[in-house]
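Chains A and B, in that order, are what the protein sequence lines are. FYI, the numbering used here numbers position 106 of the first sequence as 106, with every residue one higher than the one before it. FYI, the numbering used here numbers position 250 of the second sequence as 1250, with every residue one higher than the one before it.
The hints are simulated quantities; they were obtained by calculation from the structure and are not laboratory data. Just so you know, not all the hints are guaranteed correct.
What the hints assert, rightly or not - Straight-line C-alpha distance at most 20 Å; calculated EDC-like pairs for lysine to aspartate or glutamate:
id, chain 1, residue 1, chain 2, residue 2
1, A, Lys5, A, Glu209
2, B, Lys1177, A, Asp179
3, A, Lys184, A, Asp221
4, A, Lys147, B, Glu1243
5, A, Lys147, B, Glu1190
What the hints assert, rightly or not - If you want the footprint, here are the derived chain A segments under chain B, 3+ residues with CB under 8 Å:
id, region
6, 64–70
7, 79–91
As the list claims (entries may be wrong) - Short derived list, chain B residues pointing at chain A, Cβ under 7 Å:
id, residue
8, Val1095
9, Pro1169
10, Ala1225
11, Ala1262
12, Arg1265
Think of the CB as a built atom: it goes at the ideal place given N, C-alpha and C, for glycine as much as any other residue.
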Amino acid sequence: MGIIKASKLIYDYIKRDEDGNPDGTRRAVDQVDIDIEAGSFVAILGHNGSGKSTLAKHMNALLLPTEGTIWVSGKDTSLDENLWDVRRTAGMVFQNPDNQIIGTVVEEDVGFGPENIGVPTPEIWKRVEQSLEAVGMTMYRHHSPNKLSGGQKQRVAIAGVMAMRPRCIVLDEPTAMLDPNGRKEVIRTIRELNRAEQITVILITHYMEEVIEADHVYVMDDGRIVMEGTPHEVFARTEELKSYRLDVPQVTELSWQLKKAGLPLSDGILTIDAFVDEIMTLYKKP
Amino acid sequence: MIRDITIGQYYQTDSLLHRLDPRTKLVGTLVFIVSLFIAGNWLCYALAAVWLAGMIRLSRVPLSFIVRGLKAVMILLLISVGFNLFLTNGETVLVRFWIFRITLEGLRQAFFMALRLIFLIMGSSLMTLTTTPNQLTDGLETGLGFLKKIRVPIHEIAMMMSIALRFIPILIEETDKIMKAQMARGADFETGNLIERAKALVPILVPLFISAFRRATDLAMAMEARCYHGGEARTRMKPLVYETRDRMTYLAFAAYLAAMIALNRIF
């Protein structure tokens, strides 16, 4: 069993009429089975409303399953006594950088999580320093979060989660509100954490470019997992991805179009380098 | 334009007063205010004036900064002086016209009241000028910790204050954005009488409130995700610790209060 495992997970939102009385339900997550290995980089892709954020919130016990079970490092999230363990194991970073920073100074915000879990003062300082270092924000430690760019704020948010020493970080569309530079900055930080600190990363996104280097990709549509595999395997099924209203990376799209036009290219080309290689081998062939 | 508004008027410099524990400053300010209400003769006010001047000197905050704070309460000051001047009964009548009389006692009372208010405002603005809003909430939380015993949710109140402080600039920016969006669509905030202008603000307030509530929900979720569960079993990154300078300040303020009481008794 991996660090996060879900079995037959179902979550129903309760719809309410104008007076607040329950009026039917909407199934946001439907019969989801996942098994995420510790130390891996997993991406969950999906269109808006596909249920990916709802699934993410289950990994931190912010939402509890209607049916089925989800275990975080072997602990059932629906049991009250596991709540704080689950939240310490799986940290969470949200979409809007402004709405998740609590402190008025960068270092104080990073210290907020450790303060909550009762870490002694000298240890908090050590963790704050290490976390800021890990995301490359040490030089901004005395700044006000309001003066930082979106990408920097997200890095502070990531440091805030890191300071709690989680084994796993769930990032719920961390780049959706950022400009391209900020997006690159955040993705680079996440990858670095995954590689250098062996933190399990679960990245929820709808940007295809961000999942190319993931170890495993899940695609969600209408609450269900509809595709899974390595990025290479998933992107090879370009047509299927399109039917779930997802766009493949530009270079994958180009090679797919060329292949359709008759060029003997392989499926699921993810990077420009791989594409150039393929074209060159074709070119050199007599 | 709207972004220029600053809340909390902290004056950034390094001085003894800046370095003091916020709790010390809170208690000190309280002692000073109490002393002003004890004061009943000229000598007492002279002592208070010397004490305040000394504090201002120690704080390294320019006097003009502190005087500026008085402008806001000028009207209140004039009203209370007026009341004391005209409504105090006394023996020696100095001026009499129509139904008003100004007596010597009234004049004295009014003058003391003015001094008392001016000192009070200067003294308390000296505290806010030398303490960051954050330190202030920290000081309140730790200093009023004993209230927890009678079930006052002091940690929660302090947390609300510091979150409010954090979101003031964000909401100001948002107001600015909404105003510009409305102006781009022809909204007019600058002409018309008071009622018309107030009405023009409704289309700003509604989206602002909705977005503030959405932010609040998001923030609550983010705090929960980071294991926030109230003040119980919480440690602090920057705990407040009394230093020698704080102890000395407490002693100095105790001596000051004693002197004030003595002066008031003897003369």
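Cross-check of the supplied hints:
Annotation: proposed proximity of Lys5(A) to Glu209(A) is violated, straight-line Cα distance about 26 Å (limit 20 Å). Distance check on the hinted pair: Lys1177(B) and Asp179(A) sit about 19 Å apart at the alpha-carbon level, within 20 Å; holds. Under the criterion of a C-alpha separation no larger than 20 Å, the hint pairing Lys184(A) with Asp221(A) is inconsistent with the structure, at around 26 Å. A threshold of 20 Å between alpha carbons decides the hint, and for Lys147(A) with Glu1243(B) the separation of about 33 Å lies outside it, so the pair is violated.
With a C-alpha separation of about 30 Å, the suggested pairing of Lys147(A) with Glu1190(B) is violated against the 20 Å cut-off. Check on the region 64–70 of chain A: 0 of its residues sit with their Cβ under 8 Å from a Cβ of chain B, so the three-residue criterion for coverage is violated. By the rule of at least three residues with a Cβ nearer than 8 Å to a Cβ of chain B, the coverage given for the region 79–91 of chain A holds, with 4 such residues. Residue-level restraint check for Val1095(B) is violated (minimum Cβ-Cβ distance to chain A is 54 Å; threshold 7 Å).
About 5 Å separates the beta-carbon of Pro1169(B) from the nearest beta-carbon of chain A, less than 7 Å, and the hint is met. Using the Cβ-Cβ criterion of 7 Å, the hint placing Ala1225(B) at the interface with chain A is satisfied: the shortest such distance is roughly 4 Å. Contact between Ala1262(B) and chain A, as hinted, is not supported at the beta carbon level, the nearest pair being about 43 Å apart and thus beyond 7 Å. Because the closest C-beta pair between Arg1265(B) and chain A is about 46 Å apart, greater than 7 Å, the hint is violated.
Going down the numbered hints, you'll see the structure goes against 1, 3, 4, 5, 6, 8, 11 and 12, while the others check out.
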